[in-house]
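If you want the building blocks of each chain, they are given just below.
2 protein chains.
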Amino acid sequence: MNNPKEEIITSALSGFMELLPAQQILFNKIFDEIRKVYEVFGFIPLDTPILERSEVLLAKAGGETEKQIYQFKKGDTNLAMRFDLTVPLARYVAEHYGQLVFPFRRYAMGKVYRGERPQAGRFREFYQCDIDVIGNETLDIRFDAEIPSIIYMIFKNLGFKNFIIRINNRKILNGFFSYLDANQISNQIMQTIDKLEKVGLDEVNRILLDLNLSQDKINKIFDFINLNNKTKNIISDLNNLNIKDVQFITGVKELEQVINIIKEFGVPESNFAIDLTIARGLDYYTGTVYETRLNDYPEIGSVCSGGRYDDLASHYTKHKLPGVGISIGLTRLFDQLTKRGVWQTENSSTTRVLILPMTTDLVPSIKLANKLRINNIPTEISFIADKIKKALGYADKLGISYAIFIGEDEIAKNLYTLKNLKTGEQELLDLEQIIEQLNIRSF
Amino acid sequence: MNNPKEEIITSALSGFMELLPAQQILFNKIFDEIRKVYEVFGFIPLDTPILERSEVLLAKAGGETEKQIYQFKKGDTNLAMRFDLTVPLARYVAEHYGQLVFPFRRYAMGKVYRGERPQAGRFREFYQCDIDVIGNETLDIRFDAEIPSIIYMIFKNLGFKNFIIRINNRKILNGFFSYLDANQISNQIMQTIDKLEKVGLDEVNRILLDLNLSQDKINKIFDFINLNNKTKNIISDLNNLNIKDVQFITGVKELEQVINIIKEFGVPESNFAIDLTIARGLDYYTGTVYETRLNDYPEIGSVCSGGRYDDLASHYTKHKLPGVGISIGLTRLFDQLTKRGVWQTENSSTTRVLILPMTTDLVPSIKLANKLRINNIPTEISFIADKIKKALGYADKLGISYAIFIGEDEIAKNLYTLKNLKTGEQELLDLEQIIEQLNIRSF
Chain A
801 MNNPKEEIIT SALSGFMELL PAQQILFNKI FDEIRKVYEV FGFIPLDTPI LERSEVLLAK
861 AGGETEKQIY QFKKGDTNLA MRFDLTVPLA RYVAEHYGQL VFPFRRYAMG KVYRGERPQA
921 GRFREFYQCD IDVIGNETLD IRFDAEIPSI IYMIFKNLGF KNFIIRINNR KILNGFFSYL
981 DANQISNQIM QTIDKLEKVG LDEVNRILLD LNLSQDKINK IFDFINLNNK TKNIISDLNN
1041 LNIKDVQFIT GVKELEQVIN IIKEFGVPES NFAIDLTIAR GLDYYTGTVY ETRLNDYPEI
1101 GSVCSGGRYD DLASHYTKHK LPGVGISIGL TRLFDQLTKR GVWQTENSST TRVLILPMTT
1161 DLVPSIKLAN KLRINNIPTE ISFIADKIKK ALGYADKLGI SYAIFIGEDE IAKNLYTLKN
1221 LKTGEQELLD LEQIIEQLNI RSF
Chain B
801 MNNPKEEIIT SALSGFMELL PAQQILFNKI FDEIRKVYEV FGFIPLDTPI LERSEVLLAK
861 AGGETEKQIY QFKKGDTNLA MRFDLTVPLA RYVAEHYGQL VFPFRRYAMG KVYRGERPQA
921 GRFREFYQCD IDVIGNETLD IRFDAEIPSI IYMIFKNLGF KNFIIRINNR KILNGFFSYL
981 DANQISNQIM QTIDKLEKVG LDEVNRILLD LNLSQDKINK IFDFINLNNK TKNIISDLNN
1041 LNIKDVQFIT GVKELEQVIN IIKEFGVPES NFAIDLTIAR GLDYYTGTVY ETRLNDYPEI
1101 GSVCSGGRYD DLASHYTKHK LPGVGISIGL TRLFDQLTKR GVWQTENSST TRVLILPMTT
1161 DLVPSIKLAN KLRINNIPTE ISFIADKIKK ALGYADKLGI SYAIFIGEDE IAKNLYTLKN
1221 LKTGEQELLD LEQIIEQLNI RSF
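In the order they appear, the protein sequences are chains A and B. Residues in the first sequence are numbered consecutively from 801, following this note's numbering. Residues in the second sequence are numbered consecutively from 801, following this note's numbering.
Only chain A is shown next, with the shape it has when bound in the complex:
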């Protein structure tokens, strides 16, 4: 190609997050923390391909989702980039059914793709951090109750106190709409209720009348969602509505069980609540549903959502595979919280110490570096230590906390001068003292 230099746009594509080093280090720290929690709860890692046959990804998709999918043809095969981690999980479990142990607890943390029109806070490539527990034919309701304790540990470990895991059960909603003989328009009703805070009661009432609901039914809807404002006894209030619909009754019973076990799981009462307005999309979930909100940033919306489904992989297998899972959209969450300064970057390097050899002989510096590295202390050796100002400038710009000077004197005494670059203090230490000092982390 002839000199394309002038023409090439070197920016990353719009809607594709790309981070500078300090941000990337922070992102990875959060990613690793989520991964750690998933692992201590006994979830197994799974990494499926980003590309799948289009027919696999589109088996269930439709409408908006289908339009957003990155699809193309290579040779004779129609390919698509995954738009979530659940459809590949369904395909995986169907394919490897005989080789898996159920309940199958898996976590997956990877990139997914949605070619949406780019808008503020939306991404076309983003990380999802998912867990799911998949049962074979049945799955105990206690798995539904364990999920909030995982959400709780994650957000607590990420430094939050003020968040609420909101819980509902789709059977209650389905049963309630059946009871109103309004199943056909349940979607529109839920969307209208969602606008309550924004447009007020009168406007919501007007829209519901437009949906051909009688004022009597609308009043029942208001009574139902008003239960939400109560913090206690929602379950008995739900029972007191005296709705005889079987689904409704089952849903209330399941919700009661889940709420009771969540308490046993040690999630503080201030961090979870029943929220009867949560539906999480109307096709997929069939039982418990979750959303999680940060009370100080309600405008972000839910930061961790999920729920129970009756049958994960009905498009790919005849085995009935009920499951429960959650997803954290980490790219968006990271974007929102760093913008607000809630998550703040620190250093542009994870290097803990820069070794400056003050002699031409590199061997003492290299020996020390090797020992520090074996002790998991990220270490660099400066190859410009003769230009000491430049070497320390490099450390300063990256936020490296310590420097070690190794000159004739230090070599003779088998000691090292450790300088704290943030405070300017320096000490003459032996190897063990150096390791001890460098192992004290601020996080």
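If you're looking for bench data, these hints aren't it; they were derived computationally from the structure. Check each hint, because a few of them may be wrong.
The list treats identical chains as one, so a pair stands whether inside a single copy or across any two.
In silico DSSO-like pairs for lysine-lysine, Cα to Cα no more than 30 angstroms straight-line [claimed, not checked]: (1) K1053 with K1222; (2) K836 with K1171; (3) K1139 with K874; (4) K860 with K1032; (5) K1053 with K1167; (6) K1187 with K1120; (7) K1213 with K1063; (8) K956 with K1020; (9) K1030 with K1171.
Keep in mind it's a predicted model, so treat the numbers as computed, not measured.
Given the coordinates of chain A, work out where chain B should sit on it, guided by the hints.
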């Protein structure tokens, strides 16, 4: 869609690695080990998008590479999936030049895509694990010498002893071919030399004659590559060839420096060697080049390769950015070594202990689980502990090492029965003893 159940092929695409849990756990263990080494050497993480503008990825590509790239159009934009991690790095450094600190040491570990015709041992989606050190205008040769010590630590930590990092310098080759006035056919000569072991000296001689080389020049080529078989004094032998080409002389000098510093870096003499036949593709690299072979599995070829380049991002920026880097093709390496049984899977779960509540009250089990999890011990609670055989069967199938039984007795005494599921031994222990016991890992 109407009942597509019968038609959907549920297998992952051919050429796309997908692992069962035990394999995935092993893969992640190796991935994490490589990442750890990169981090202790002070490399900064970088994660660029998998999709880029086609013009960015194709600025330098051509021929075979271009045919393999997954490309498609979405809206008005030509998109392509990255086929390596170096081109996106070049684009990134050009774009963020003013915000980076040089030398910029970055690691990247992610999936890349090549739509090759699938064949045994080749993948269309695979992980590359890369490091590069990028200088601004200049980059000290000692960075070239540091790279083998990183390769050494990685393969040592992965359990290998018997491997050789082969080192050459492209200037020596370029200078040598200049001296022979054979630069135009250097590519074909190198490819012919590569066949030496396979087809023998006579056949190689014949092919070289076909390339219109004189027997005198061919003899010089044989003299040159014969130096390879010597283990000592290759540098002085190269000097003794008395080749006056400037590039050749510079190359020998650089190689000498690199080899000397590698020794200082503590890489054992048995783990590195000069290999004058290594070229690593003829366009990209301009100085030091590396390959790494496992002596016991020579047929795998190089497991970690790389080198020095003069200018990373000439297609995107006028800044001169010399660099040196390596790449490990982890997907292929994993495939090759697990097939041979060199890397063996162990368990299908990383869960360390399964808690079996023997009472209906879950609280003591949950409290214990929370304490173990805070101590980073992956823990599950069985919700089928009433079916004790089934619960232990689950642990057994996953390879979980320990079970803890919590019954009335244990609750009363505030002790726990810890059972080693591999040996059958069981002990009554308190919390601290449990944590201590479970923290002893086999790896």
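Tested hints:
Proximity of K1053 and K1222 under a CA criterion of 30 angstroms is satisfied in neither setting, with 58 angstroms inside one chain copy and 40 angstroms between copies. In the homo-oligomer, the alpha carbons of K836 and K1171 lie at most 30 angstroms apart both inside one protomer (27 angstroms) and across protomers (15 angstroms), since each shortest distance falls under that limit. Proximity of K1139 and K874 under a CA criterion of 30 angstroms is satisfied inter-copy only: 29 angstroms between copies versus 39 angstroms inside one chain copy. Taking the closest pair of Cα atoms, K860 and K1032 never come within 30 angstroms of each other, the shortest separation being 39 angstroms inside a single copy and 65 angstroms across copies.
In this homomeric assembly, K1053 and K1167 come within 30 angstroms of each other (Cα to Cα) only across copies, at 25 angstroms, whereas the closest approach inside a single copy is 65 angstroms. In the homo-oligomer, the alpha carbons of K1187 and K1120 lie at most 30 angstroms apart only across protomers (21 angstroms), although the nearest pairing inside one protomer, at 68 angstroms, exceeds that limit. For a Cα distance limit of 30 angstroms, the shortest separation of K1213 from K1063 across copies, 24 angstroms, qualifies, whereas the shortest one inside one copy, 60 angstroms, does not. Proximity of K956 to K1020 under the C-alpha cut-off of 30 angstroms is found in neither arrangement, the shortest distances being 38 angstroms within a copy and 70 angstroms between copies.
For the homomeric pair K1030 and K1171, neither the shortest alpha-carbon distance inside one copy (60 angstroms) nor that between copies (33 angstroms) is at most 30 angstroms.
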